[in-house]
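Engineer: What follows is each chain in one-letter form.
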Amino acid sequence: MTDTVHEESKTPQDDRKEVSRRWLLLKAGALFNAVVGIAIATPVVRYLLDPVRRKSFYNSWISLGPLNQFPAGETRLATYVNPYRQPWDGTTDDTACWVRHISGSSFQVFAINCAHLGCPVRWFPQSELFMCPCHGGVYYADGERASGPPERGLFQYQYKVVNDELHIYAGQMPTLANSARLRVLNNTGNKGCSSCAG
Amino acid sequence: MRWVKQTYNWLESRLQLEGPVKDAVLHPVPRNTASWWYVFGSAAFTLLILQIVTGILLALVYVPSAGEAWNSLNMLNHQLPLGWFLRAMHGWGSNFMVAIVLIHMAQVFMFGSYKYPRELTWILGVFLLLMTLGMAFTGQVLRFDQDSYWGLGIGASIVSRVPFIGRSLVHLLLGGPIIAGATLTRFFALHVFIIPGALLLFACAHVWMVLKLGINEWPMPGRAVRRSTYIAEYNKLTHEDGIPFFPGAFWKDLYFSGAIIAAVVVCAAVFGPYGPSGQPDPTIIRTVPKPDFFFLWIYALLAYLPPSLETPFLLIAPVLAIAGLVALPFMAGEGEKSWHRRPIAVLTLVTVAVIWGVFTNLATYTPWSPKMNAWSSDTVPERYLHGLTPVERRGAIVFQAMQCRNCHSIGGQGGERGPALDSVATRLTEDQLIRQVIQGGGNMPAYGKNLSPSQVTALVSFLDTLHPHNQPEAVDSAERAVTTIPAETGAKSSTKVKASASPQASAAPAGN
Numbered sequence: 000m001t002d003t004v005h006e007e008s009k010t011p012q013d014d015r016k017e018v019s020r021r022w023l024l025l026k027a028g029a030l031f032n033a034v035v036g037i038a039i040a041t042p043v044v045r046y047l048l049d050p051v052r053r054k055s056f057y058n059s060w061i062s063l064g065p066l067n068q069f070p071a072g073e074t075r076l077a078t079y080v081n082p083y084r085q086p087w088d089g090t091t092d093d094t095a096c097w098v099r100h101i102s103g104s105s106f107q108v109f110a111i112n113c114a115h116l117g118c119p120v121r122w123f124p125q126s127e128l129f130m131c132p133c134h135g136g137v138y139y140a141d142g143e144r145a146s147g148p149p150e151r152g153l154f155q156y157q158y159k160v161v162n163d164e165l166h167i168y169a170g171q172m173p174t175l176a177n178s179a180r181l182r183v184l185n186n187t188g189n190k191g192c193s194s195c196a197g
Numbered sequence: 000m001r002w003v004k005q006t007y008n009w010l011e012s013r014l015q016l017e018g019p020v021k022d023a024v025l026h027p028v029p030r031n032t033a034s035w036w037y038v039f040g041s042a043a044f045t046l047l048i049l050q051i052v053t054g055i056l057l058a059l060v061y062v063p064s065a066g067e068a069w070n071s072l073n074m075l076n077h078q079l080p081l082g083w084f085l086r087a088m089h090g091w092g093s094n095f096m097v098a099i100v101l102i103h104m105a106q107v108f109m110f111g112s113y114k115y116p117r118e119l120t121w122i123l124g125v126f127l128l129l130m131t132l133g134m135a136f137t138g139q140v141l142r143f144d145q146d147s148y149w150g151l152g153i154g155a156s157i158v159s160r161v162p163f164i165g166r167s168l169v170h171l172l173l174g175g176p177i178i179a180g181a182t183l184t185r186f187f188a189l190h191v192f193i194i195p196g197a198l199l200l201f202a203c204a205h206v207w208m209v210l211k212l213g214i215n216e217w218p219m220p221g222r223a224v225r226r227s228t229y230i231a232e233y234n235k236l237t238h239e240d241g242i243p244f245f246p247g248a249f250w251k252d253l254y255f256s257g258a259i260i261a262a263v264v265v266c267a268a269v270f271g272p273y274g275p276s277g278q279p280d281p282t283i284i285r286t287v288p289k290p291d292f293f294f295l296w297i298y299a300l301l302a303y304l305p306p307s308l309e310t311p312f313l314l315i316a317p318v319l320a321i322a323g324l325v326a327l328p329f330m331a332g333e334g335e336k337s338w339h340r341r342p343i344a345v346l347t348l349v350t351v352a353v354i355w356g357v358f359t360n361l362a363t364y365t366p367w368s369p370k371m372n373a374w375s376s377d378t379v380p381e382r383y384l385h386g387l388t389p390v391e392r393r394g395a396i397v398f399q400a401m402q403c404r405n406c407h408s409i410g411g412q413g414g415e416r417g418p419a420l421d422s423v424a425t426r427l428t429e430d431q432l433i434r435q436v437i438q439g440g441g442n443m444p445a446y447g448k449n450l451s452p453s454q455v456t457a458l459v460s461f462l463d464t465l466h467p468h469n470q471p472e473a474v475d476s477a478e479r480a481v482t483t484i485p486a487e488t489g490a491k492s493s494t495k496v497k498a499s500a501s502p503q504a505s506a507a508p509a510g511n
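Chains F and W are the protein sequences, given in the same order. Using numbering that gives the first Met the number 0, read the first sequence as starting at 0 and increasing by one per residue. Using numbering that gives the first Met the number 0, read the second sequence as starting at 0 and increasing by one per residue.
Read the hints as simulated data drawn from the structure, not as lab findings. One or more hints might be untrue.
[To be verified] If you want a taste of the chain W side facing chain F, the calculated C-beta under 8 Å gives, among others:
1. Ile153
2. Arg160
3. Gly165
4. Arg166
5. Val169
6. Leu171
7. Gly175
8. Gly180
9. Asp280
10. Val287
11. Pro288
We put the CB at the ideal spot given by N, CA and C, even for glycine.
Only chain F is shown next, with the shape it has when bound in the complex (with noise of 0.2 Å):
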């Protein structure tokens, strides 16, 4: 049985020192696909970066409950819905933070979130301390550094007291890039924190 499908054949060569009608057409062709491929990538480019976004994007005012809640001398773990959100996100969305209400009106507000590597800080009412979990960074009542890698006091959140409830601006994940959005500069009532606040 012969099944021969190929053939060997033999192509013309063209003289590379003419420009040839095909070769002009194959330039202009891939000049073309260039100018396809750039339309197309930008907006894949743009699809690509749309979690970028400003730093007012994300953030919003956050009603973290009423102040009963958080008894004066006592710092309490509050939770909120993330105000960036997908119907997916399961209990993702769900945020914890640590408040501090001194007295009267001043609170400190503290994000979850390590000032390491992001990992979520203990209370322990006892000994007044933060303590981490991953890499064992303590921190004081008020937030500052007490120890271990951290290399600044936890993160604060800005806070307001509206009709008898504390509303942070929360959004984004606290980390070191965004964390001079989350210091409260003079507005926690408490000298000691000097180096959380800046």
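Since the structure of chain F is provided, determine the placement of chain W on it from the hints.
Structural biologist: Quick look at chain W alone, frame taken from chain F:
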């Protein structure tokens, strides 16, 4: 059986694969490369295929949604028949793959295989290692549990340290402002499409080059690589002392790959799947996140780096390490291949292996982390409480209640962040203890603000009892002088002169 031959011929005349396959399979390799040392590359490729197959099978069920991923994994573990086994195969296959790729790399480094003309094979190998590690990390993310969630947090925190564009990079990494649904879907795309696609492509190019350039000959001391002569020498070697790759060398690859897959099956069956641990709910903060085995060394490194060095190290060291690996075949493209003549290479490999092993081992018990429950779960050993005064006993209670135990062990139980305190009284005098408690220092928080003066007195008096019976308490040298004078004059007094500064007095300046 004529129809088999006819079908084969029909296919072959169209596909025309026989020639290239025969070339590849029967190409001569140096006789001494048919060694058990040369089986790791093929085993890594076999594991890649295993990961692709088990991965596709898991993708039939897994839901890449932040709201459902964790549930679908639990469904796989507990409800789907043998779903747990497939997850275990994929998890253990991943561990084996990273391990085999690392061993393969160490082997080709030791054998000088990266030298001329196999530079590009090595460089592709470096990227294959990076992609394998990328698969391991993204795979850990897809196991969307608490470790995965906080592991992403650590990743985002590292990325945030990049100057100027850190914030944008965090948003790109997470797909938004927080770890949520968009984060999981992009890591799913990375783990299932982007990295495996590139990995497969690179692996095929890697194998192609091994076939085209020939497998590296067994390194012999004195047989140095020179660009001008190597190709001719290698061809001479394969033709004079060569055997066909199949079956001469191939049978060992076959056995080893089979053994590795069997080992994955045994591990999967005996140890079961990895997690998922607790659900990825960031409001559950009673968690102690930990990375998977092959990232433990980074976890340890991040605990031990001085804070000021951390950001430069995190951003510069990986670039330098990758650049170094890529540059290696260009820096040392010629010369001796044998490890007998390459002491620096041997020392480098041993040093890296020892450092890696030490850091990994440390990260298995994390001595740098406070034990979050030690204060409430570990009791003060009874023998430390015998014959104590009420004040000293109160000190023991302060010791427990103030979480000292989270960082300091006594009786072998408690944290290891700070020193064990079983014999602290032999090291520190009462004054020094007071100062240490109130002012902290040396990685200990200052407790001056958090303890009342009476608590400090009680705590220090308890700590002062912590010394073996046959060892005296530490005494200030000045005090010793005071106490020894009466002894020399024959007086019976051996009572220790108490510290002049009371805790109350020293608490005030320390409280700032």
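Engineer: Of all the hints numbered above, which does this structure not satisfy? Sort the numbers upward.
Structural biologist: Per hint list: zero violations.
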